[in-house]
Amino acid sequence: MNNTYQKHDVFVAIADPTRRKLIRLLAGAEELPLHELTPHFQMGRTAVSKHLTILKEADLVTNRKIGRETKYRLNPAPLQEVKDWLSFYEKFWNERALLLKNLLEE
Amino acid sequence: MADLLLDFQFKSPINKVWDALTNSDTLAQWVMENNFKPIVGYKCQFRNVEIDLIVDSEVLVVDKPYKLSYTWVGGPINTIVTWTLKEENGTTYLHLEQTGFETEDVQAFNGAKYGWAFKIEELKKVLEEM
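First to last, the sequence lines map onto chains Y and L. All letters in the first sequence, in the order written, are residues 1 to 106 by full-length UniProt numbering. All letters in the second sequence, in the order written, are residues 1 to 130 by full-length UniProt numbering.
No lab work stands behind these hints, which were simulated from the structure alone. What you are looking at is a predicted structure, and each value in this text was computed from that prediction instead of being measured. In this text, a Cβ means the ideal position worked out from N, Cα and C, and glycines have one as well. Hints may be right or wrong, so weigh each one.
Derived CB-CB ranges, DEER-like [to be verified]:
#, chain 1, residue 1, chain 2, residue 2, range
1, L, 6, Y, 70, 53 to 63 Å
2, L, 42, Y, 30, 43 to 53 Å
3, Y, 84, L, 33, 17 to 27 Å
4, Y, 45, L, 99, 25 to 35 Å
5, L, 89, Y, 49, 46 to 56 Å
6, L, 6, Y, 16, 45 to 55 Å
7, Y, 39, L, 33, 49 to 59 Å
8, Y, 98, L, 49, 20 to 30 Å
9, L, 99, Y, 40, 19 to 29 Å
10, L, 29, Y, 33, 48 to 58 Å
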């Protein structure tokens with residue numbers, strides 16, 4: 001995986017429900033270690049750690065080592081990209097539905 | 001998080017709304033030029049030549065007149081559009097879900113990113129002028 005891939009893979013990163021839950025958990029705390037995240041999931045710490053790695057590659061999560069523990073933190077900036085697309089299509093379909101209304105009521 | 005949910009109401013019978021969602025000529029009048037057919041597995045395109053917007057689509061669900069679903073893949077996004085219809089007292093309630101918002105292909109996404117940002121601005125202008 002090259003750097004460009006990592007920088008822009010936000011959509012893939014948030015496509016998975018486990019990763020969306022991780023984002024929500026991290027959004028509710030400043031920083032969390034793996035052992036506090038794992039109990040929220042029906043999977044082991046290795047699996048949760050893999051999901052965190054994908055989030056890290058998409059720049060959605062940063063981590064730092066404190067002693068023997070790694071703490072994870074949310075970096076919400078890349079989510080803006082997704083929001084841009086959502087708001088684009090929100091406007092798109094609202095405009096389209098107005099045209100449809102006119103067509104139907106002709 | 002990456003889903004869009006919208007609700008619309010029309011004072012028209014459900015079958016009329018269904019026709020507007022599935023008839024290629026009518027779709028062209030309110031969405032875009034297209035070669036859509038309401039047949040599961042059918043592959044088609046929605047195009048707006050003026051702004052160079054092309055959306056590839058494959059029909060997933062056709063449950064006349066209650067549910068219609070197709071993929072909506074264009075530029076960097078790979079989504080599924082699902083329309084759900086319900087009629088009550090002469091009003092048709094139309095629910096739209098556009099889900100996914102994933103990249104279909106990382107290379108295409110990176111390459112298209114700036115081009116798309118430009119096209120979106122163009123599209124916004126067109127929409128505002130309508």
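Going down the list of hints, with the structure as the test:
1. Between residue 6 of chain L and residue 70 of chain Y the C-beta distance comes to about 41 Å, which lies outside the given range of 53 to 63 Å.
2. Range check, residue 42 of chain L to residue 30 of chain Y: Cβ separation about 50 Å, and the 43 to 53 Å hint holds.
3. Restraint check, residue 84 of chain Y to residue 33 of chain L: a C-beta distance of roughly 25 Å satisfies the suggested window 17 to 27 Å.
4. The supplied range of 25 to 35 Å is met by residue 45 of chain Y and residue 99 of chain L, whose beta-carbon atoms lie about 30 Å from each other.
5. The supplied range of 46 to 56 Å is met by residue 89 of chain L and residue 49 of chain Y, whose beta-carbon atoms lie about 54 Å from each other.
6. The given range of 45 to 55 Å is broken by residue 6 of chain L and residue 16 of chain Y, whose C-beta atoms sit roughly 24 Å from each other.
7. For the pair residue 39 of chain Y and residue 33 of chain L, the beta carbons lie near 52 Å from each other, so the given range of 49 to 59 Å is met.
8. Hint check: residue 98 of chain Y to residue 49 of chain L, Cβ distance near 22 Å, so the stated range 20 to 30 Å holds.
9. Between residue 99 of chain L and residue 40 of chain Y, the C-beta spacing of about 23 Å keeps the proposed range 19 to 29 Å intact.
10. For the pair residue 29 of chain L and residue 33 of chain Y, the supplied restraint of 48 to 58 Å holds, since their beta-carbon distance comes to about 56 Å.
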